[in-house]
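Chains as they are written, first to last, in my numbering: chain A, 39 to 174; chain B, 4 to 384.
Think of the hints as simulated: they come from the structure by calculation, not from any bench. Fair warning: there could be bad hints in the mix.
Said to hold, decoys possible - Here are the simulated EDC-like cross-link-like pairs (lysine to aspartate or glutamate), alpha carbons at most 20 Å apart as the crow flies:
#1 B:Lys121 <-> A:Glu77
#2 B:Lys307 <-> B:Asp317
#3 A:Lys98 <-> B:Glu244
#4 A:Lys98 <-> A:Glu112
#5 B:Lys362 <-> B:Glu315
#6 B:Lys144 <-> A:Glu53
#7 A:Lys86 <-> B:Asp251
#8 A:Lys98 <-> A:Glu83
#9 A:Lys146 <-> B:Asp119
#10 B:Lys360 <-> B:Asp302
#11 B:Lys199 <-> B:Glu222
#12 A:Lys98 <-> B:Asp195
#13 B:Lys264 <-> B:Glu275
#14 A:Lys68 <-> B:Asp251
#15 A:Lys68 <-> A:Glu53
#16 B:Lys144 <-> A:Glu75
#17 B:Lys364 <-> B:Glu315
#18 B:Lys218 <-> B:Glu43
#19 B:Lys199 <-> A:Glu75
#20 A:Lys98 <-> B:Glu306
#21 B:Lys121 <-> A:Glu112
#22 B:Lys59 <-> B:Asp101
#23 A:Lys104 <-> B:Asp195
#24 A:Lys86 <-> A:Glu53
#25 B:Lys144 <-> A:Glu122
#26 B:Lys364 <-> B:Glu275
#27 A:Lys104 <-> B:Asp119
#28 B:Lys144 <-> A:Asp108
#29 B:Lys121 <-> A:Asp108
#30 A:Lys68 <-> B:Glu244
#31 B:Lys307 <-> B:Glu171
#32 A:Lys104 <-> B:Glu43
#33 B:Lys172 <-> B:Asp27
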Amino acid sequence: MSASLQPIAPNLWSEGPNPQLLGARDASGKIVFPIPEGEAANDVEVIKLSRTGTLWSYTKQEFQPKPPYDGPEEFVPFLVGFIELPGEIIVESHIVETTLEELTLGMKMELVISAFDETRSMFAFRPEQPNNEVVR
Amino acid sequence: MSDVYIIGAGIHQFGRTEERTGRDQGVFAVREALKDAGLEWSDVQFASGGSHAAGKADIMLNDLGLTSIPFINVFNGCATGGSALATAKSAIAAGECDIALAVGFDKHPRGAFAADPKAYGLPDWYGQTGMMMTTQFFALKMQRYMQLHDISRETLGKVAAKSFRNGEKAEHAWRRTPIDLDTIMNSQMINDPLTKFMFCAPAEGGVALILASEKKVRELGADAVKISSVTIRSRPPGSFEVYAPTIDVVNGGKPTILASKAAYEQAGIGPEDIDLAQLQDTEAGAEIMHMAENGICADGEQEKWIAEGRTELDGSLPINTDGGCIACGEPIGATGLRQVYENVTQLRGRAGPRQIKNKPKTAYSHVYGAPGLSGITILEV
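Can you make the complete structure from the sequences, with help from the hints?
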């Protein structure tokens with residue numbers, strides 16, 4: 039991924055070689071994502087979420103959504119799903135570097151920062167790569 | 004609380020009516036409902052209604068007559084119709100009036116619904132990245148459900164085929180041509196596992212119901228259907244809802260399950276007592292999942308139920324007898340009352356070619372929508 043890409047929004051993931059999604063723990067101990075804004079941001083502790091999880095469900099977006107969708111001008115169908123970060127939260131995300139046919143419930147997934155369009159980056163998950171020990 | 008009855012039901016053709024605004028379709032439905040009840044607009048003492056995208060309902064007074072009655076505007080997403088019905092019913096039950104109107108109408112542009120993230124308290128990036136999509140939500144929910152409960156893709160197709168067959172027999176339906184299973188299965192993929200013909204489409208339509216007190220029903224000698232329950236419930240913690248970027252790891256309840264339990268309790272009956280049901284079928288998978296959420300069968304039993312034709316017009320529990328949203332389309336503000344209209348028509352034995360046999364006594368209806376709310380009604384004769 040080109041380093042010149044700008045994150046689609048600030049504070050979604052941590053910087054550095056092994057980025058992690060940034061969530062928050064509220065006063066009751068419940069984990070939320072993304073980090074709340076406004077009044078809801080009071081009394082929360084920002085935490086880094088697990089880089090790996092399991093596939094909870096998935097589908098493929100075959101048609102171009104109406105605005106506010108703001109993807110590449112030439113629409114490319116994309117995979118989307120929910121990833122269960124164990125003991126934390128189940129997060130909706132684009133899924134990359136795989137095909138619909140290869141996806142099954144419960145498969146191991148890992149976070150990657152991926153190009154959303156020519157100028158912006160977005161968090162995504164891909165099947166966990168073999169022989170790729172992930173730093174938690 | 005005294006019982007409240009529906010004594011008039013009117014509908015405006017669902018689908019596309021280019022020359023008529025959504026509200027005018029609502030006005031048309033009100034006039035049909037009044038005719039059905041044998042009443043004049045000046046007899047109506049209270050009104051409640053709304054739309055999601057076709058404007059305020061009380062503007063209808065300009066067309067219907069400026070009778071100075073209280074008119075409560077409802078803006079409650081898919082539960083707009085149910086909320087209008089609940090409000091009108093409460094006014095009668097509380098003894099404030101004897102005749103009330105509940106009305107819902109809508110008109111949406113073609114193509115999948117698009118929503119503003121801010122209106123739902125969500126960050127802009129969720130919409131920008133194409134994840135704030137109702138079609139995706141239902142596909143994601145069904146993909147998981149199918150794999151956990153062994154529901155086949157063909158069963159999805161069979162549900163849609165039933166909708167088009169029933170729609171052919173309903174004058175108010177939009178899609179009135181049967182579509183065979185192969186065509187449904189092989190139509191354009193929208194969001195795996197759901198194809199184009201398994202989905203409903205945003206549409207237009209209007210429905211109006213005239214409600215009356217028991218005293219008025221006797222006075223008029225009306226062909227009346229009793230409202231045994233109207234319940235609306237919003238999402239509990241840990242549920243999986245449309246327009247949700249995350250889900251709790253601890254699985255919680257569902258708004259439909261809560262609304263359904265409350266509705267059965269209010270009516271003093273159980274799912275085994277229901278003769279027919281209208282369930283939210285944004286797509287074929289929703290009808291399947293909502294069968295279990297409404298207590299009609301256990302998770303996974305739908306595969307057998309549908310293979311045996313139990314939900315067909317001649318089955319043991321007919322579901323979506325007018326073709327549901329799949330055949331009628333989805334005008335958000337009107338759908339909930341369309342389901343009630345269909346149940347009233349069936350309970351009065353006036354459904355013509357789609358009339359279910361053996362004089363149904365109890366009918367159930369269920370809507371579900373963003374950002375996670377459900378509405379149920381149970382009617383009895």
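Hint-by-hint comparison with the structure:
1. This hinted pair checks out: lysine 121 (chain B) and glutamate 77 (chain A) have alpha carbons roughly 15 Å apart, not beyond 20 Å.
2. A distance of roughly 16 Å separates the Cα atoms of lysine 307 (chain B) and aspartate 317 (chain B); the hinted pair therefore holds under the 20 Å criterion.
3. Between lysine 98 (chain A) and glutamate 244 (chain B) the alpha-carbon distance is near 18 Å, which keeps this suggested pair within the 20 Å criterion.
4. Straight-line distance between C-alpha atoms of lysine 98 (chain A) and glutamate 112 (chain A) comes to about 17 Å, which keeps the hinted pair within the 20 Å bound.
5. Proposed proximity of lysine 362 (chain B) and glutamate 315 (chain B) is supported: the alpha carbons are some 16 Å apart, at most 20 Å.
6. Between lysine 144 (chain B) and glutamate 53 (chain A) the CA atoms are separated by roughly 32 Å; this puts the pair beyond 20 Å, and the hint is violated.
7. About 17 Å separates the Cα atoms of lysine 86 (chain A) and aspartate 251 (chain B), which keeps this hinted pair within 20 Å; it holds.
8. A C-alpha spacing of about 34 Å is found between lysine 98 (chain A) and glutamate 83 (chain A), which places the hinted pair above 20 Å, so the restraint is violated.
9. Restraint check: the Cα-Cα separation between lysine 146 (chain A) and aspartate 119 (chain B) comes to about 33 Å, which exceeds 20 Å; the hinted pair is violated.
10. Of the pairs offered as hints, the one joining lysine 360 (chain B) and aspartate 302 (chain B) is violated, with about 27 Å between alpha carbons and a cut-off of 20 Å exceeded.
11. A threshold of 20 Å between alpha carbons decides the hint, and for lysine 199 (chain B) with glutamate 222 (chain B) the separation of about 50 Å lies outside it, so the pair is violated.
12. Between lysine 98 (chain A) and aspartate 195 (chain B), the direct Cα distance comes to roughly 6 Å. Compliance with the 20 Å bound is thereby established for this hinted pair.
13. At roughly 13 Å between alpha-carbon atoms, lysine 264 (chain B) and glutamate 275 (chain B) fall within 20 Å of each other, so this suggested pair holds.
14. With a CA separation close to 9 Å, the supplied pair lysine 68 (chain A) and aspartate 251 (chain B) stays within the 20 Å bound.
15. Annotation: proposed proximity of lysine 68 (chain A) to glutamate 53 (chain A) is violated, straight-line Cα distance about 24 Å (limit 20 Å).
16. For a cut-off of 20 Å, the pair hint linking lysine 144 (chain B) to glutamate 75 (chain A) is broken: about 28 Å separates their Cα positions.
17. Between lysine 364 (chain B) and glutamate 315 (chain B) the alpha-carbon distance is near 17 Å, which keeps this suggested pair within the 20 Å criterion.
18. Between lysine 218 (chain B) and glutamate 43 (chain B), the direct Cα distance comes to roughly 18 Å. Compliance with the 20 Å bound is thereby established for this hinted pair.
19. A hinted pair counts as satisfied when its Cα atoms are at most 20 Å apart, and lysine 199 (chain B) with glutamate 75 (chain A) does not qualify at roughly 38 Å.
20. Restraint check for lysine 98 (chain A) and glutamate 306 (chain B): not satisfied, since their Cα atoms lie roughly 24 Å apart, outside the 20 Å limit.
21. Of the supplied pair hints, the one linking lysine 121 (chain B) and glutamate 112 (chain A) is violated, its CA atoms being roughly 26 Å apart against a limit of 20 Å.
22. Between lysine 59 (chain B) and aspartate 101 (chain B), the direct Cα distance comes to roughly 24 Å. Violation of the 20 Å bound is thereby established for this hinted pair.
23. Taking the CA atoms of lysine 104 (chain A) and aspartate 195 (chain B), the gap is about 19 Å. The hint holds against a cut of 20 Å.
24. This hinted pair checks out: lysine 86 (chain A) and glutamate 53 (chain A) have alpha carbons roughly 11 Å apart, not beyond 20 Å.
25. With a C-alpha separation of about 14 Å, the suggested pairing of lysine 144 (chain B) with glutamate 122 (chain A) holds against the 20 Å cut-off.
26. Annotation: proposed proximity of lysine 364 (chain B) to glutamate 275 (chain B) holds, straight-line Cα distance about 12 Å (limit 20 Å).
27. Note on lysine 104 (chain A) and aspartate 119 (chain B): the hinted pairing holds, with a Cα-Cα distance of about 11 Å set against a maximum of 20 Å.
28. Between lysine 144 (chain B) and aspartate 108 (chain A) the alpha-carbon distance is near 24 Å, which puts this suggested pair outside the 20 Å criterion.
29. Restraint check: the Cα-Cα separation between lysine 121 (chain B) and aspartate 108 (chain A) comes to about 15 Å, which is no more than 20 Å; the hinted pair holds.
30. Of the supplied pair hints, the one linking lysine 68 (chain A) and glutamate 244 (chain B) holds, its CA atoms being roughly 18 Å apart against a limit of 20 Å.
31. Proposed proximity of lysine 307 (chain B) and glutamate 171 (chain B) is contradicted: the alpha carbons are some 25 Å apart, above 20 Å.
32. Under the criterion of a C-alpha separation no larger than 20 Å, the hint pairing lysine 104 (chain A) with glutamate 43 (chain B) is inconsistent with the structure, at around 44 Å.
33. Pair hint lysine 172 (chain B) plus aspartate 27 (chain B) does not hold up; C-alpha atoms about 25 Å apart against a cutoff of 20 Å.
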